[in-house]
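**Q** Using the hints provided, position chain B relative to the given structure of chain A.
In case you want the letters, here they are:
There are 2 protein chains.
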Amino acid sequence: MAFELDGRLAADTIPVGDLMLSRVLLMNDSRYPWAILVPRRPDLTELIDLPVAERTILMEEIAALSGALRDLHAPTKINVAALGNVVAQLHVHVVARYDKDPAWPGPVFGKGPAVPYEPAAAAAAVAGLVARLGVA
Amino acid sequence: MAFELDGRLAADTIPVGDLMLSRVLLMNDSRYPWAILVPRRPDLTELIDLPVAERTILMEEIAALSGALRDLHAPTKINVAALGNVVAQLHVHVVARYDKDPAWPGPVFGKGPAVPYEPAAAAAAVAGLVARLGVA
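As they're listed, the protein sequences go chains A and B. In terms of the working numbering, the first sequence has 61 at position 61, counting the first letter as 1, and numbering is strictly consecutive. In terms of the working numbering, the second sequence has 47 at position 47, counting the first letter as 1, and numbering is strictly consecutive.
One or more hints might be untrue.
Which copy is meant is left open, because identical chains are indistinguishable; a pair holds if it fits in one copy or across any two.
SDA-like cross-link-like pairs, simulated, lysine to any residue; straight-line CA separation at most 25 Å [what the hints assert, rightly or not]: (1) 100 with 44; (2) 100 with 51; (3) 111 with 98; (4) 111 with 21; (5) 111 with 121; (6) 77 with 4; (7) 100 with 30; (8) 111 with 19; (9) 111 with 56; (10) 111 with 41; (11) 77 with 1; (12) 111 with 43; (13) 100 with 15; (14) 100 with 134; (15) 100 with 116; (16) 100 with 115; (17) 111 with 76; (18) 100 with 40; (19) 111 with 18; (20) 100 with 52; (21) 77 with 101; (22) 111 with 131; (23) 77 with 42; (24) 77 with 122; (25) 77 with 128; (26) 100 with 74; (27) 111 with 53; (28) 100 with 73.
Simulated from the structure, these hints should not be mistaken for lab results. Bear in mind that the values here come from a model prediction, so they are computed numbers and not experimental data.
Isolated chain A, as found in the complex (with noise of 0.2 Å):
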């Protein structure tokens, strides 16, 4: 069975590129600096659904993403989370966060709607993250 985006994930992110496991996306919310790793594997829920050498693969796409949106936006704290409660596929968030946004120092998740960006600003977000991931 192929791999297929969750159409919610795809609804609510703008697509950066494909690293060697995982899809990523750029969540399409200006509030936050917000990306999502998705491993393009079919059925999967959670993290110990993914064979050990995937996981190890995953965590360094977790790094690499952090990586990025540190040096992007220099953020407070960086904020990994694979949760699922509402979309089932195994989806990793990466978040820059910093003391003044709005849903600070709480959690992002399901904090009230989100701000889509500006097609320009859209475009730079992804240019951004292309260039530090490699990906295309």
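**A** Then chain B, alone, in the frame of chain A:
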């Protein structure tokens, strides 16, 4: 410099034992089966502060703890998160979630006051994790 557990993490949890890299703590909140991994290294804030070899170990400790909670509680979903907006010391939450728990489908973090375990329930919860993780 030696590892020292953050005072707030110590106050909010009950010790379970030490895995190869991380201290395992039971969150003292009987509303959720909720454990925390704290890599026993000084001065860590982000996952990317860990060397790559230890990130791999941490991922496997997350998997082991996820598996233990799944075996013990048969949850709807497992939530994994490294946030650190309140307590900066690197720590990873692993929470067994139910579709009828008080915070579902939102995250559990910062949702109302904890409901501490009764002593016998705390001992049973710790013993279950100790047996499945092989820690002491």
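**Q** Does each hint fit the structure? Answer for all of them.
**A** Consistency of the hints with the structure:
no.: 1; hint: 100 with 44; in the structure: between (35 Å within a copy, 22 Å between copies)
no.: 2; hint: 100 with 51; in the structure: neither (38 Å within a copy, 30 Å between copies)
no.: 3; hint: 111 with 98; in the structure: both (15 Å within a copy, 20 Å between copies)
no.: 4; hint: 111 with 21; in the structure: neither (29 Å within a copy, 34 Å between copies)
no.: 5; hint: 111 with 121; in the structure: within (22 Å within a copy, 33 Å between copies)
no.: 6; hint: 77 with 4; in the structure: between (31 Å within a copy, 20 Å between copies)
no.: 7; hint: 100 with 30; in the structure: within (14 Å within a copy, 32 Å between copies)
no.: 8; hint: 111 with 19; in the structure: neither (28 Å within a copy, 35 Å between copies)
no.: 9; hint: 111 with 56; in the structure: neither (31 Å within a copy, 31 Å between copies)
no.: 10; hint: 111 with 41; in the structure: neither (29 Å within a copy, 33 Å between copies)
no.: 11; hint: 77 with 1; in the structure: between (38 Å within a copy, 23 Å between copies)
no.: 12; hint: 111 with 43; in the structure: neither (28 Å within a copy, 30 Å between copies)
no.: 13; hint: 100 with 15; in the structure: neither (27 Å within a copy, 33 Å between copies)
no.: 14; hint: 100 with 134; in the structure: neither (30 Å within a copy, 42 Å between copies)
no.: 15; hint: 100 with 116; in the structure: within (19 Å within a copy, 31 Å between copies)
no.: 16; hint: 100 with 115; in the structure: within (17 Å within a copy, 30 Å between copies)
no.: 17; hint: 111 with 76; in the structure: both (19 Å within a copy, 22 Å between copies)
no.: 18; hint: 100 with 40; in the structure: neither (34 Å within a copy, 30 Å between copies)
no.: 19; hint: 111 with 18; in the structure: neither (28 Å within a copy, 35 Å between copies)
no.: 20; hint: 100 with 52; in the structure: neither (38 Å within a copy, 31 Å between copies)
no.: 21; hint: 77 with 101; in the structure: within (11 Å within a copy, 28 Å between copies)
no.: 22; hint: 111 with 131; in the structure: neither (29 Å within a copy, 38 Å between copies)
no.: 23; hint: 77 with 42; in the structure: between (31 Å within a copy, 17 Å between copies)
no.: 24; hint: 77 with 122; in the structure: within (22 Å within a copy, 32 Å between copies)
no.: 25; hint: 77 with 128; in the structure: within (19 Å within a copy, 33 Å between copies)
no.: 26; hint: 100 with 74; in the structure: within (13 Å within a copy, 38 Å between copies)
no.: 27; hint: 111 with 53; in the structure: neither (34 Å within a copy, 35 Å between copies)
no.: 28; hint: 100 with 73; in the structure: within (14 Å within a copy, 37 Å between copies)
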